[in-house]
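A.B. asks: Go ahead and model the full structure; you've got the sequences and the hints to work with.
Chains A and B are the protein sequences, given in the same order.
Every letter in the first sequence is one number past the one before it in the numbering used here, and letter 117, counting from 1, is 117.
Every letter in the second sequence is one number past the one before it in the numbering used here, and letter 27, counting from 1, is 293.
Where hints are given, some of them may not hold.
To be verified - Pairs of lysine-lysine, BS3-like flavour, derived with a Cα cap of 27 Å: (1) B:LYS325 with A:LYS175; (2) A:LYS140 with A:LYS171; (3) B:LYS302 with B:LYS325; (4) A:LYS191 with A:LYS165; (5) A:LYS188 with A:LYS175; (6) B:LYS271 with B:LYS325; (7) B:LYS325 with A:LYS240; (8) B:LYS271 with A:LYS140; (9) A:LYS175 with B:LYS302; (10) A:LYS188 with A:LYS171; (11) B:LYS302 with B:LYS271; (12) A:LYS165 with A:LYS188; (13) A:LYS140 with B:LYS302; (14) A:LYS171 with A:LYS153; (15) A:LYS175 with A:LYS153.
It is worth saying that the hints were derived from the structure and are not from the lab.
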Amino acid sequence: MKKNMNKTTKNNFITYGMVIAIFVVVQILSSTGNLSRLLTGLLVPICVYIIASLSLNLVVGYSGELSLGHAGFMCVGAYSSALFSHVTSDVLPSVPRLILALLVGAAVAAVFGVLIGIPVLRLRGDYLAIVTLAFGEIIKNLINILYVGVDDKGLHVATSAANLKLDPGGKQIIKGALGVSGTATLYKDIKDYFFLIGVILVLVVLFIIQNLVNSRSGRAITSTRDNRIAAESIGINVTKNKLLAFTISAAIAGVAGVLYAHNLSC
Amino acid sequence: MPGIKAFVAAVFGGIGSIPGAMVGGILLGVIEIFSKAYISSQVADAIVFAVLIIVLLGKTIWSVRQEHPGESMRWPI
Numbered sequence: 001m002k003k004n005m006n007k008t009t010k011n012n013f014i015t016y017g018m019v020i021a022i023f024v025v026v027q028i029l030s031s032t033g034n035l036s037r038l039l040t041g042l043l044v045p046i047c048v049y050i051i052a053s054l055s056l057n058l059v060v061g062y063s064g065e066l067s068l069g070h071a072g073f074m075c076v077g078a079y080s081s082a083l084f085s086h087v088t089s090d091v092l093p094s095v096p097r098l099i100l101a102l103l104v105g106a107a108v109a110a111v112f113g114v115l116i117g118i119p120v121l122r123l124r125g126d127y128l129a130i131v132t133l134a135f136g137e138i139i140k141n142l143i144n145i146l147y148v149g150v151d152d153k154g155l156h157v158a159t160s161a162a163n164l165k166l167d168p169g170g171k172q173i174i175k176g177a178l179g180v181s182g183t184a185t186l187y188k189d190i191k192d193y194f195f196l197i198g199v200i201l202v203l204v205v206l207f208i209i210q211n212l213v214n215s216r217s218g219r220a221i222t223s224t225r226d227n228r229i230a231a232e233s234i235g236i237n238v239t240k241n242k243l244l245a246f247t248i249s250a251a252i253a254g255v256a257g258v259l260y261a262h263n264l265s266c
Numbered sequence: 267m268p269g270i271k272a273f274v275a276a277v278f279g280g281i282g283s284i285p286g287a288m289v290g291g292i293l294l295g296v297i298e299i300f301s302k303a304y305i306s307s308q309v310a311d312a313i314v315f316a317v318l319i320i321v322l323l324g325k326t327i328w329s330v331r332q333e334h335p336g337e338s339m340r341w342p343i
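C.D. replies: Here it is, written out as structure tokens:
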């Protein structure tokens, strides 16, 4: 390690090193046959929840706002990316499709983050927690009655299976409370590498969050958490910084949702 | 779900106020049953939470107006 490296950079590299070390240990265990089937099935969900907790840490830990609605962003990311994967399954090969699905999930979750963040971040404390919780429940409730199908004419959206009016040969993708099924079967050829993809995503998310937190905006975000009035008095735009943290956090939660949806094999 | 709704009712009536929590609970139940009966039974929960969001945002904007009369809230950011 270089001598002129400062303490923060060193700590960041230690964190990346820990993630890579765990990945190597797990790979060795798996190749020598010491990993049970149960644990093998848990590896990708572990990555999903690491990413989800990193995103929640950004908004609850650094921004200091108790958001209870992050499952909603995960849900939006999961559904939009699964829809994208099903629609483009005949057009794109699996690796670029997965990358695009990740971007689509993150982008849709970020849009929802902005839309929800603008009204919500005007509230404080209990009210913010309850309103984010309410938005999460609304998203869950609306997706439970959402039916989307695709045929030659394009996408059909309805609130019940009968109203979908698909042509013969069209297929339902989102089936209301049953959700989206068979997303993992679209990625049969890269199924074994999902843990590697999950670890890479954890590293990317760690890189984004650690660089954001140590940047100018990151210090602005932590200063609004510590003392709102003092931060405002030195010219920090409190709402803008809170919205920035909230949106990035929503996008990362969306990425976690994408990984979750594409690993679900039923 | 019942726990979440109890929390919502308590916030609805104002945290820390016992009569408020009771009134909030009754109002929330009435809104939920009426939206189930007259609008849609599938989205009743969403409607309840939407009403709650509107009430809380309205309350916040109203209290800001009271504190700073004549000053408009910069809405987008």
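A.B. asks: Does each hint fit the structure? Answer for all of them.
C.D. replies: Hint check:
Under the criterion of a C-alpha separation no larger than 27 Å, the hint pairing LYS325 of chain B with LYS175 of chain A is inconsistent with the structure, at around 38 Å. Restraint check for LYS140 of chain A and LYS171 of chain A: satisfied, since their Cα atoms lie roughly 23 Å apart, inside the 27 Å limit. For the hint linking LYS302 of chain B to LYS325 of chain B, the alpha-carbon distance of about 26 Å falls within 27 Å, and the restraint holds. Distance check on the hinted pair: LYS191 of chain A and LYS165 of chain A sit about 34 Å apart at the alpha-carbon level, beyond 27 Å; violated.
The suggested pairing of LYS188 of chain A with LYS175 of chain A holds, with an alpha-carbon distance near 22 Å, which does not exceed 27 Å. Under the criterion of a C-alpha separation no larger than 27 Å, the hint pairing LYS271 of chain B with LYS325 of chain B is consistent with the structure, at around 19 Å. This hinted pair checks out: LYS325 of chain B and LYS240 of chain A have alpha carbons roughly 22 Å apart, not beyond 27 Å. As the CA atoms of LYS271 of chain B and LYS140 of chain A are separated by approximately 15 Å, the hinted pair is consistent with the 27 Å bound.
Of the pairs offered as hints, the one joining LYS175 of chain A and LYS302 of chain B holds, with about 22 Å between alpha carbons and a cut-off of 27 Å not exceeded. For a cut-off of 27 Å, the pair hint linking LYS188 of chain A to LYS171 of chain A stands: about 20 Å separates their Cα positions. For the hint linking LYS302 of chain B to LYS271 of chain B, the alpha-carbon distance of about 15 Å falls within 27 Å, and the restraint holds. In summary, the hint linking LYS165 of chain A to LYS188 of chain A is not supported, as the alpha carbons are separated by about 30 Å, beyond the 27 Å threshold.
Restraint check: the Cα-Cα separation between LYS140 of chain A and LYS302 of chain B comes to about 17 Å, which is no more than 27 Å; the hinted pair holds. Of the pairs offered as hints, the one joining LYS171 of chain A and LYS153 of chain A holds, with about 12 Å between alpha carbons and a cut-off of 27 Å not exceeded. Straight-line distance between C-alpha atoms of LYS175 of chain A and LYS153 of chain A comes to about 19 Å, which keeps the hinted pair within the 27 Å bound.
In summary, the numbered hints that this structure violates are 1, 4, 12.
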